[in-house]
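Here is how the chains run, residue by residue.
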Amino acid sequence: MAILIVHSHVGTRQFDITEGQNVRDALDTTDWRVRAACGGVGSCGACVVQVESGGVSPLTLSEYQRISADARAQGWRLSCQLRVYSDTHIHLEHLAHTSVWHSIPTADLMPSPCKFREIGEYHYGVAVDLGTTHLRVTLWNRKTGQRIASRKGLNPQERFGADVLNRLDAALVNTDTAQELSRLVRNAIMKALRDMLAREVGEIRLMLPEIGLITIVGNTAMLALLTGQGYSDLLNPDFWQARIDCQPIDYKKWQSQWLLPNAKIIVLPPIAGFVGSDLTADLLATQLCNGTQGAFLLDVGTNTEIVLWTGKTLLITSVPGGPAFEGVGIRNGMSAESGAIWNIEQNENGLTLETLNHEPARGFCGSGLVDAITILVSTKVLKPSGRFAQPNGGDGYALVEGNSRTVITGCDVDAFQRAKAAIAAAMETLLELANMTWCDIERLCMCGAFGRHLNIQNAQAIGLLPPISADKIELNADASLAGCELALLNENGLLLFDEITANAQTFNLSLIPDYEERYINHLLLKPIRAETAHD
Amino acid sequence: MIEDIIKAYNEAVYETDKDTAFEVVNGALAQGMSAEDIIFQVVIPAVEEMMSLIVKDPDANLAQHFMTAQIAAEVTEKMLLLFKFPPEIIGRVVIGTAAGDLHSLGKRIVMGCLKALMVEVIDLGVNVTAEKFVDAAVAHDAQVIGISAMMVHTAMGEHGCAEVRKLLKERGLEDKIKVIVGGAPYRYDAELYKNVGADTWANDGVSAGKVIVDLIKEVKSHVTA
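So the sequences go chain by chain: A and B.
Counting from 1, one number per residue, gives the positions in the first sequence under my numbering.
Counting from 1, one number per residue, gives the positions in the second sequence under my numbering.
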């Protein structure tokens, strides 16, 4: 890992860059993007930067063609051609216009999953993972099986509330709001697509008709709000375990708004009121159901969906409590952005807090919160009950003395305890229903952004994850997008989704009496007992 | 001896350490203390202590409320099995979540505390219709109906507390059966309980225990007077 220091007219920032990575790709994942119009092949010349010092790759042929000898002598380069090998300073005169869209680091995407095939006339396609907080969109050449570009941005519905219930409530109260919520997401998808075409292909108008398929996965509430179908049923308990139909009725209207005359639009169907098609996508991408032994899949998001594959059948449930892991309801909580404390190490000199992009600490993302609470318990600042050993009157405890951004309060610990207890108790309840124990579990897949940086040992120490061998635990943060891409690239994508969930059983834990007692027993900040599944 | 037991039990409850709480209780039984004495001299004072602490203790959180209520309920259940005579019950409550609401955990704290306070609790579960609340209260001769609602639309919904009030009125039961509500929406709006037709409300599950005991006494004094 090298550090790229970028000087621009708005200031100086530093970014991590993988040795040998080009500057454009590295900056595309941030909000400091270079200008671009050709997809990084060195043909447009829009992405010029000036190297001030550092270890970089030699000039390429396209740079000789695009940059004058004088400019080359002053260190001007094309950032898409410029690879960085050691800490480097560059001057970036023209930042691209600020955009809500950033590309997703390649390391975070699962490898191209497809067995590609002959695809009719229009062989480009778009996969959309519609989350409550973020949208992830990728553009594909379905014929060659190549992922052309990816984008990630905030779900613009956020202004109607961070949590799903508020948005559903807003839609129910007012049909204009319901339409607005749908329109916001449709616009966002369109903007992400146009941003990709503009920067990676260099052509929008001619490309739009070439797009033949769009596949969309998401949690049920997001799909219902997007399509304007079934959202009123979601607040009714009778529909929690029922299928909710959310196909876009106004298919033609969407095509014409998006200027995509040839695009078939497939909203992949959710499993039930509280289990979305993003979960089916996780199952496809991780191939959970291919094994013959017990396996768990957790998708930690705004809700946490939990799946037990028994080797023969699927048991599915969902618990609230994800928001704590995304920083919601935590005083210094935040999502995994610049300045988020994501990792904390304990050594003889005290604590080392690592933040994303090495920015000054702004707060904790989910993995940082897990580390912080684990360390507070192991150093006996915090008791397993969640109480501080020394009462602090609600002010909390600063991990770094004097730094208010590193404070953890009693309320934070409480929210965390309730979230992790819900997950652990749900897993145990499913095991019980399947007449299995932790010993029968050969695999555990953690999906959702929370898992990306998670310290597994710490998560086990405070009872978020079960006491199974760490090498059986896989972190698959972007599995739902990968599953959506499978559906985009596979001739029978829709069929795959139906097949995988055809025999799934869904459970509403609030109707299973033992669940509450298990939940309460899991509130202590202690490891999960290996034997508790058969209490 | 009894002071040591009380101290050890209170400490275990404060630490929400169920295993230790049971060790203390089992130790007391082994030393010859009766189940009745354990309940009336150890468990009930501990619950009352907890109720008074919760108002003052800003550090006590929901997770701890769940755990302490659970300990109180489990210890009480175990001790009741050992009672020589059936314990004297101070009253009965039917409890459940409002129609449309599946959030069952809040009422669990209330139930745990009530059990330890010798109030009989009839749990109607989740998503309970108004009709069922009233019918069950009459069938069990309960003094109080407790309705938990965690969402604004179930707290204010026409099939929730408002309909329970309507039925009580229609059947002339308003003096015999009182209604208490609880849940997040009532905390945001301290006047909301009146708008939905409840007699009272409680800010948290532990305090609800005390409010319900008071309601039972009120109904009983009214009925006997």
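Honestly, the hints are just simulated from the structure, not real lab data.
Fair warning: there could be bad hints in the mix.
[Claimed, not checked] Sample of chain B residues lacking proximity to chain A, with all beta carbon distances greater than 12 angstroms (derived): (1) Q41; (2) G112; (3) G125; (4) V152; (5) G197.
[To be verified] No farther apart than 27 angstroms at their CA atoms in a straight line, the calculated lysine-lysine pairs in the DSSO-like style are these: (6) A:K380 x B:K18; (7) B:K176 x B:K217; (8) A:K383 x B:K176; (9) A:K526 x B:K176; (10) B:K217 x A:K526.
[What the hints assert, rightly or not] Only part of the chain B face toward chain A is listed, based on derived beta-carbon distances under 8 angstroms: (11) E15; (12) Q64; (13) M67; (14) L124; (15) N127; (16) H140; (17) M151.
Positions of the beta carbon are idealized from the N, C-alpha and C atoms, including for glycine.
The hints, checked one at a time:
1. Q41: For Q41 (chain B), whose nearest Cβ neighbour in chain A is about 24 angstroms away, the distance exceeds 12 angstroms, so it holds.
2. G112: violated (9 angstroms)
3. G125: violated (8 angstroms)
4. V152: Given that some Cβ of chain A is not farther than 12 angstroms from that of V152 (chain B), nearest at about 7 angstroms, it is violated.
5. G197: holds (22 angstroms)
6. A:K380 x B:K18: holds (19 angstroms)
7. B:K176 x B:K217: holds (11 angstroms)
8. A:K383 x B:K176: violated (45 angstroms)
9. A:K526 x B:K176: violated (46 angstroms)
10. B:K217 x A:K526: Violated, at roughly 41 angstroms.
11. E15: Hint holds; E15 (chain B) Cβ to chain A Cβ min 5 angstroms, cut 8 angstroms.
12. Q64: holds (6 angstroms)
13. M67: Holds. Min distance 6 angstroms.
14. L124: violated (13 angstroms)
15. N127: holds (5 angstroms)
16. H140: With a minimum Cβ separation of about 19 angstroms from chain A (threshold 8 angstroms), the hint on H140 (chain B) is violated.
17. M151: holds (7 angstroms)
In this structure, the hints that do not hold are numbers 2, 3, 4, 8, 9, 10, 14 and 16, in rising order.
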